[in-house]
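Trainee: Chains as they are written, first to last, in the working numbering: chain A, 1 to 378; chain B, 379 to 728.
Quick caveat, the hints were computed from the structure, so don't treat them as lab data. Misleading hints may appear alongside valid ones.
Straight-line alpha carbon distances no greater than 25 Å define the calculated SDA-like cross-link-like pairs of lysine to any residue that follow [as the list claims (entries may be wrong)]:
no., chain 1, residue 1, chain 2, residue 2
1, A, 233, B, 383
2, A, 231, B, 696
3, B, 498, A, 250
4, A, 233, A, 188
5, A, 168, B, 702
6, A, 74, B, 562
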Amino acid sequence: MNKAICTALLSISLGASQAHAEITIGATLPLTGPGSGLGIPSKNGISLWPDTIAGEKIRLIILDDGTDPTLANKNARRLIGEDKVDLIIGTPSTPTAMAVAEVAAEGHTVHLSSTPVEMPEGKGGWTFRLSQQNPLMARALVAHMKKNGVKSFGFLGYADAYGEGWLKDVLPIARQAGITLTSAERFGRADTSVTAQALRVIGGNPDAILVVAAGSGAAMPHKALAERGYKGKIYQTSAAATRDLIRLGGKDVEGGFIVAGVALMPDSLAPNHPSRKIGLAFVERYEKQFGPNTRNQAAAHTYNVPLILEKVVPIALKKGKPGTPQFRAALKEALENSGEIATTHGVFRFTAQDHFGLSDDAAVMLRIGNGNWHAEPR
Amino acid sequence: MLLGLDPSIGAILALDGISSGIIYGLVAIALVLVFAVTRILFLPQGEFVVFGALTLAMFQEGMIPGTVWLLLLLALCATATRVFDHLRCAQPEGMLRTVVLNLVVPCCIAALAAWAAPHKLALPLQVGLTLLLVTALGPLLYTVVFESMADASVLVLLIVAVGVHMASMGLGLVFFGAEGFRTPAFWDERWSLGAVTLNGQTVVVMLAAAVLLAALWLFFERTLYGKALRATALNRLGARLMGVSGPLVGRLAFGMAAFIGALSGMLVGPGTTIFYDSGFVIGIKGFVVAVIGGLASFPATALGALFIGLLESFSSFWASDYKEIIVFMLLLPILLWRSWGAAVHDEQEE
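When you get a sec, could you build the whole thing from the sequences and use the hints?
Mentor: Structure, rendered in structure tokens:
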């Protein structure tokens, strides 16, 4: 109890010393643990942020949650309770994002999630998603399959929330398009072999195989399918849309497809699309800082945060000073009524009912050829 | 056709199972060796596997692997503790030897690795260098962490081993980054035997395991050091009374474990993507195998390894969603079976 009072006093005194209103943004990211392949680029995206947003100074607190939901929950409580953040960012891993969403709703603080986390009815009301929801990606995938005469597909995915979430979302959309599932097999990232699962999936003789895995983990199943002589189309999901797939997969991943966020290939957008220019700027700035061909989904998500805030902060500032509950509530209201916000990943249209916001032009189908990826015609 | 299984698929699965079984077996043999000699359930054995694979991957990229810095750090700590011991006991005679063994030799290895990294030497040289680098970590780790608590209970040693595992995994992330790597195959050949393709790497894995087992047998049967290890495994106190140095056999066991770990890492690296944290699952499966062998018998461990590899391969085919559950659930009946008939032997009698 004493500790709680001390913390309260401390934060009051801190609040008093901050004569200038500055916007405090807290981020909890998986900088270590199995999600670090996404967490580290997320942090890279933040490093490209401007110092001020809508004329207000930004104070940034980044915490590591080790891809552990318990720690993410603790981090979120600390950020809201002690640091009095106006906004929480994080995380690109689904289980940790769920933990943060729950705390954010309790603490009445807007949460921008880098993963399209699905929350039960009545929970996570303060969470807005920065990334494409699975059904959106699945629609782009199924549309491409249909266009290329695919009638059946096999599933080879991670035995975790990411794999299962994809399977659950892609099935009804595929069924509607008349594409059937032949078999669904799972594997783990650290497995020494996926030969058995690859044999099983190929045994169903599908026209295409959907591999659901992340980062460099996506190369092993792709290679296993190629080594077993699979000749059909192989599709990968957005989490695999990094250079690591090509680096590790080599010639075995040639001809594969990846459904990805449009930030990776802004050239594929129509010349007058509002995201085109923003996307090109992101790619140029990011690759200048982190090396050629390093652009990725996760970094683009966090890079988008100032773009969104630039639009909603001025509206929220009219209702309250940063650091107050009024400002936080105003931020949520402004997001829900902001209209269109152009970002690297497409145009967001958040409403009170829809905290996902992106539409179908936010996805792009990439084909791997000659050790590079190319946008497929829309 | 049994549930979609025809003979050719069965043969592919068997081959795949045997080659992963061999890797688990190598890890298990190192676990058994370390446990028998030092009573440590050496969970971080999986990290040696990862360090082996990723160190080679770094050499391939022409970068200085992070294990070089770890080696230097451990060398400094080991020298400091040992020199302190010498001073405290006022025994200056062995001091020079200590410094040479614990500081000069590791520094030479580290310097060699740092020099060789940008030169992108031929694969066999890089493999040799990786083996040297990772093997050197073993004895130093024992000196720094375990030597001073050699007489602690099995439980304390296990808890410390878990701590070492956590620390080495974290260091792995710092050294190698979050993304995984593949190492090149030692032998990139393929033969078609009917429907089954046998690739060179599988042959290399089998040959390497056979050579290693033969070498271990020769070592334990024919050399004085091997006999010292066996004596310690049989009876610690008795061996000590006969003049076998406890710290020496501990360091030797850790060195061998690190060598076997690095070797298995480079054997498994071409077939799968190795991440900084892959060592845990490989280590745990090796542990299941070691338990089948009763943490004592090498032949039983080898058989257990093949069994686990085949079980994993076939259960991946029939029920991939449950394969880990099937493999790990197996521990229960095995423990039950092993506890029947086995004489109750209690470490902590006090």
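Trainee: Would you pick out the hints that fail for this structure and give their numbers low to high?
Mentor: Violated: hint 6 alone.
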